[in-house]
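S.K.: So you can see what is in the structure, the chains are spelled out below.
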Amino acid sequence: MKISNWGNYPVIDAEMVTPSSYDQVKQIALRSPSLIARGLGRCYGDSSLNEKIISTTRLNHIVSFDEKNGILCCEAGVSLEEILDVFVPRGWFLPVTPGTKFVTIGGAVASDVHGKNHHQAGSFCNYVHSLRLMLSDGKIIFCSKEENRDIFEATCGGMGLTGIILEATFQLIKIETAYIRQKIEKAKNLEQIFQLFEASNNSTYTVAWIDCLQKGNHLGRSVMIRGEHALAKEIPAVKNPLILPEKMKFNIPFNFPNISLSAFSVKIFNEIWNLKYGFVPSIIDYNTFFYPLDSILHWNRLYGKNGLAQYQCLFSKESSYEAIKELLEIISKSGEGSPLGVLKLFGKQNGILSFPQEGYTLALDFPVRNSVFQLFQKLDEVVMKYNGRIYLTKDSRMSTEVFKHGYRNDLPSFQIVKRRIDKENKFQSLQSRRLEI
Amino acid sequence: MKYILFIGAGSDITRPLASLYAKKGYGIYLASRNYEKLVRDANDLAIRFSVDVRAYKFDVTDVLSHQKFYDQLPVKPYGIITLAGILGDQKKAEIDFAEASAIINANYVGLTSVIHIAANDFEKRKEGFIVGISSVAGERGRKSNYVYASAKAGFTTFLSGLRNRLYSSRIQVLTVHPGFIRTKMIEGKKTAEIITAVPERVARDIFIAQQKGKDFIYSKWFWRYIMLAFTLIPESLVKKLDLQ
Ligand SMILES: Cc1cc2nc3c(=O)[nH]c(=O)nc-3n(C[C@H](O)[C@H](O)[C@H](O)COP(=O)(O)OP(=O)(O)OC[C@H]3O[C@@H](n4cnc5c(N)ncnc54)[C@H](O)[C@@H]3O)c2cc1C
Ligand SMILES: NC(=O)c1ccc[n+]([C@@H]2O[C@H](COP(=O)([O-])OP(=O)(O)OC[C@H]3O[C@@H](n4cnc5c(N)ncnc54)[C@H](OP(=O)(O)O)[C@@H]3O)[C@@H](O)[C@H]2O)c1
Chain V
16 MKISNWGNYP VIDAEMVTPS SYDQVKQIAL RSPSLIARGL GRCYGDSSLN EKIISTTRLN
76 HIVSFDEKNG ILCCEAGVSL EEILDVFVPR GWFLPVTPGT KFVTIGGAVA SDVHGKNHHQ
136 AGSFCNYVHS LRLMLSDGKI IFCSKEENRD IFEATCGGMG LTGIILEATF QLIKIETAYI
196 RQKIEKAKNL EQIFQLFEAS NNSTYTVAWI DCLQKGNHLG RSVMIRGEHA LAKEIPAVKN
256 PLILPEKMKF NIPFNFPNIS LSAFSVKIFN EIWNLKYGFV PSIIDYNTFF YPLDSILHWN
316 RLYGKNGLAQ YQCLFSKESS YEAIKELLEI ISKSGEGSPL GVLKLFGKQN GILSFPQEGY
376 TLALDFPVRN SVFQLFQKLD EVVMKYNGRI YLTKDSRMST EVFKHGYRND LPSFQIVKRR
436 IDKENKFQSL QSRRLEI
Chain U
7 MKYILFIGAG SDITRPLASL YAKKGYGIYL ASRNYEKLVR DANDLAIRFS VDVRAYKFDV
67 TDVLSHQKFY DQLPVKPYGI ITLAGILGDQ KKAEIDFAEA SAIINANYVG LTSVIHIAAN
127 DFEKRKEGFI VGISSVAGER GRKSNYVYAS AKAGFTTFLS GLRNRLYSSR IQVLTVHPGF
187 IRTKMIEGKK TAEIITAVPE RVARDIFIAQ QKGKDFIYSK WFWRYIMLAF TLIPESLVKK
247 LDLQ
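Keeping their order, the protein sequence lines are chains V and U.
No gaps in the numbering here: position 23 of the first sequence is 38 in my numbering, and each next residue is one more.
No gaps in the numbering here: position 210 of the second sequence is 216 in my numbering, and each next residue is one more.
Do not rely on the hints blindly, as some may be mistaken.
[As the list claims (entries may be wrong)] Subject to a maximum C-alpha distance of 20 Å in a straight line, what follows is the list of computed SDA-like cross-link-like pairs (lysine to any residue):
#1 U:Lys195 x V:Gln39
#2 U:Lys195 x V:Ile43
#3 U:Lys245 x U:Ile232
#4 U:Lys190 x V:Ile43
#5 V:Lys41 x U:Lys149
#6 U:Lys196 x V:Ala29
#7 U:Lys30 x V:Arg105
#8 U:Lys195 x V:Arg73
#9 U:Lys149 x U:Ala235
#10 U:Lys190 x V:Ser70
#11 V:Lys17 x U:Gly194
#12 V:Lys17 x U:Ser242
#13 V:Lys160 x V:Gln430
#14 U:Lys29 x V:Pro104
#15 U:Lys43 x V:Arg73
#16 V:Lys41 x U:Arg46
#17 V:Lys438 x V:Pro427
#18 U:Lys195 x V:Ser35
#19 U:Lys130 x U:Gln73
#20 U:Lys29 x V:Asp100
#21 U:Lys43 x V:Val78
#22 U:Lys29 x V:Ile258
#23 U:Lys29 x V:Arg105
#24 U:Lys43 x V:Tyr37
#25 U:Lys195 x V:Ala29
#26 U:Lys195 x V:Glu30
#27 U:Lys190 x V:Asp38
#28 U:Lys190 x V:Ser36
#29 V:Lys198 x V:Ala214
#30 U:Lys190 x V:Lys198
Think of the hints as simulated: they come from the structure by calculation, not from any bench.
Go ahead and model the full structure; you've got the sequences and the hints to work with.
M.R.: Written out as structure tokens, the structure reads:
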């Protein structure tokens, strides 16, 4: 069958099997010379693509929940959406969440995903107590910070290359309401937004949207969005503050023509974006705050049938300003508008191959076409120059050189574990082959 | 708490269907052969919906165990839904009666036993419902699966008679005729995507029909028309077709 991930690029012909028991997973693992696990396919490129794919979507049982301490154990195919639906009404929330709730726990661990609270809370795997992992010989092992520690750390952020994550036990956080108190501030340029980030260390959630088409003095014009979990006493009028009213889901059934996202419409999009956020009320539900685009299912199809590619890179705090300035200059000059420029400050790193490290990360969406890949190469040069790195789960095209440079301090330790526990290199993706991981 | 009893609960349709009942606050009994799987499902449903969910090892073909099984349920069920069924190996069934009888027992004989036990109880209590998952296959024999299909035909007729009997006690008997469903039963078999339903969809169809008090449904709905057309073809012609 034809299969692709969120970016609809690349599209490959693959065999995908959807086991519903660990025993079936084992049979498949034993008889396939090469395979990769796949959750909901929300990585952008080829991280969960291979000729043979194990979909975890039917391994989606909740195994246990410690109501007192908020410790949840579930199978890898359970989605963040399901967890929120079940546990928000009981007063628990995800400790870390990416910008979509349509990802699985397996995907969240394998990409060691980050959210708007990384500067304080770190990434998802910070909250993972233990994992059950199926290795290439079909054996199921338990790993944690105490037991099989190296395997645990390699699996957190390990992009599915150490084995198939079957179960994760992790911590939820307590909330009083399903709402977020949001505050918005505008920044005229890059310098101001950096200052805002440095001054916002005490905010739980911070993120900035950058208008990538500005030039000169306005380069880096952005809005900073901060959020805190609203307390019950802040919304006395809401009767049941943990329960949200039902919402409609929109669905984009087919691919829009490519022209709909020309540089022109992107410009308008940016303007509206800025305006709209000026008007947003200060207490909003968690879906609107964390998952603004999830209400339009398959918004990726707006990018046309060629697909979209995201460029997400990261620089150390010291080089971030210079590097991001250079990137934005190149982008604004190129006219390849990116409506979604997202800037975020990270705290410390966790897993071995995990993307986050202390510093600033910038993420941009582009419709796929040749000129965009040429632009990406120019951006790569800046990333290399400032010793930055690119997020594997968003990547579909970086070169081995850019990867090896970005992960130079982490790749060797990862490979030691990988070579030991997966001698025949059974777990591989198109990406891991391309990047020689 | 009212309980719904699922027979053949190892079916891929059970989780989505039981979820719909659990969401409404019903307790759930899961009964099937693969007990380990049921325990996992039971845990999951109980945590998600905060209702009581219990798993039981149960074999439809072990008819002598049925009464005892039913008697030990802590609360007698308000509804029984049978999903049990095996497709079996038609070719083998033609030469090996053991296979043929296994197919007939799982899809028909054993179900009459457990359903009668529940029906008699419901009739006495003057409440309850019965849902039997049969198949469109039962509407006309084909060389590729007629042992299975004839068992389903028997089952459908059994349910319609039972419906007639229980009418005066106001007990609903719903017969479901699904077409293709993307479950482990037809794994690896090539069926056209547009006429193959996902288990979630069939679960929803069953739930809605049961809640509305219906007697009979197709799932998905268009099978009514496919089967209408198919059963209209005269037998003298059908026998010559190479039906798969
Ligand atoms: C709109 C949108 C916003 C996003 N925002 C963010 C964000 O803010 N922060 C962030 O960090 N990410 C973000 N992402 C990326 C997304 O969170 C990750 O790509 C995530 O890993 C996707 O999970 P998935 O279940 O879809 O897995 P897939 O996309 O199917 O797979 C992703 C990786 O996980 C591996 N994997 C999946 N399941 C298993 C398993 N059971 N065992 C072993 N390996 C497994 C795959 O092999 C692959 O390497 C975003 C993506 C989208 C589409
Ligand atoms: N899939 C289709 O295309 C299709 C089409 C029309 C009708 N149907 C009918 O739909 C129903 C559900 O089937 P399905 O598609 O969901 O297939 P399925 O996933 O294979 O479910 C059938 C279940 O029946 C149970 N079962 C079989 N023999 C049993 C026995 N002796 N005792 C107890 N349980 C037994 C099995 O449970 P254990 O795993 O515990 O053994 C199995 O999980 C069946 O009646 C089937 O005939 C299916």
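S.K.: Look at each hint and say if it fits the structure.
M.R.: Evaluation of the provided hints:
1. A C-alpha spacing of about 17 Å is found between lysine 195 of chain U and glutamine 39 of chain V, which places the hinted pair at or below 20 Å, so the restraint holds.
2. Note on lysine 195 of chain U and isoleucine 43 of chain V: the hinted pairing holds, with a Cα-Cα distance of about 18 Å set against a maximum of 20 Å.
3. Simply put, lysine 245 of chain U and isoleucine 232 of chain U have alpha-carbon atoms about 18 Å apart, close enough for the 20 Å limit, and the pair holds.
4. The suggested pairing of lysine 190 of chain U with isoleucine 43 of chain V holds, with an alpha-carbon distance near 15 Å, which does not exceed 20 Å.
5. Restraint check: the Cα-Cα separation between lysine 41 of chain V and lysine 149 of chain U comes to about 35 Å, which exceeds 20 Å; the hinted pair is violated.
6. Taken as a hint, the lysine 196 of chain U and alanine 29 of chain V pair is honoured in the structure, with Cα atoms around 16 Å apart against an allowance of 20 Å.
7. Taking the CA atoms of lysine 30 of chain U and arginine 105 of chain V, the gap is near 17 Å; set against the 20 Å cutoff, the hint holds.
8. For the proposed pair lysine 195 of chain U and arginine 73 of chain V, the alpha carbon gap of about 19 Å is at most 20 Å, so the pair holds.
9. For a cut-off of 20 Å, the pair hint linking lysine 149 of chain U to alanine 235 of chain U stands: about 19 Å separates their Cα positions.
10. Among the hinted pairs, lysine 190 of chain U with serine 70 of chain V is consistent with the structure: their alpha-carbon atoms are about 15 Å apart, no more than 20 Å.
11. Between lysine 17 of chain V and glycine 194 of chain U the CA atoms are separated by roughly 17 Å; this keeps the pair inside 20 Å, and the hint holds.
12. For the suggested pair lysine 17 of chain V and serine 242 of chain U, the alpha carbons sit about 42 Å apart, so the restraint of at most 20 Å is broken.
13. About 19 Å separates the Cα atoms of lysine 160 of chain V and glutamine 430 of chain V, which keeps this hinted pair within 20 Å; it holds.
14. Between lysine 29 of chain U and proline 104 of chain V the CA atoms are separated by roughly 14 Å; this keeps the pair inside 20 Å, and the hint holds.
15. Distance hint between lysine 43 of chain U and arginine 73 of chain V is fulfilled; the C-alpha atoms sit about 13 Å from each other, no more than 20 Å.
16. Taken as a hint, the lysine 41 of chain V and arginine 46 of chain U pair is honoured in the structure, with Cα atoms around 18 Å apart against an allowance of 20 Å.
17. The suggested pairing of lysine 438 of chain V with proline 427 of chain V holds, with an alpha-carbon distance near 16 Å, which does not exceed 20 Å.
18. This hinted pair checks out: lysine 195 of chain U and serine 35 of chain V have alpha carbons roughly 17 Å apart, not beyond 20 Å.
19. Proximity of lysine 130 of chain U to glutamine 73 of chain U is assessed by CA-CA distance (about 16 Å); at most 20 Å being required, the pair is judged to hold.
20. Taken as a hint, the lysine 29 of chain U and aspartate 100 of chain V pair is honoured in the structure, with Cα atoms around 12 Å apart against an allowance of 20 Å.
21. Annotation: proposed proximity of lysine 43 of chain U to valine 78 of chain V holds, straight-line Cα distance about 12 Å (limit 20 Å).
22. This hinted pair checks out: lysine 29 of chain U and isoleucine 258 of chain V have alpha carbons roughly 15 Å apart, not beyond 20 Å.
23. For a cut-off of 20 Å, the pair hint linking lysine 29 of chain U to arginine 105 of chain V stands: about 15 Å separates their Cα positions.
24. The hinted pair formed by lysine 43 of chain U and tyrosine 37 of chain V meets the criterion: a straight-line CA distance of about 10 Å does not exceed 20 Å.
25. Pair hint lysine 195 of chain U plus alanine 29 of chain V holds up; C-alpha atoms about 18 Å apart against a cutoff of 20 Å.
26. Of the supplied pair hints, the one linking lysine 195 of chain U and glutamate 30 of chain V holds, its CA atoms being roughly 15 Å apart against a limit of 20 Å.
27. Our distance criterion of 20 Å between C-alpha atoms is met by lysine 190 of chain U and aspartate 38 of chain V, whose separation comes to about 14 Å.
28. Simply put, lysine 190 of chain U and serine 36 of chain V have alpha-carbon atoms about 11 Å apart, close enough for the 20 Å limit, and the pair holds.
29. Distance check on the hinted pair: lysine 198 of chain V and alanine 214 of chain V sit about 14 Å apart at the alpha-carbon level, within 20 Å; holds.
30. The straight-line distance between the Cα atoms of lysine 190 of chain U and lysine 198 of chain V is roughly 50 Å, outside the 20 Å bound, and the hint therefore fails.
Violation of the numbered hints given earlier is confined to hints 5, 12, 30; the remaining hints are satisfied by the structure.
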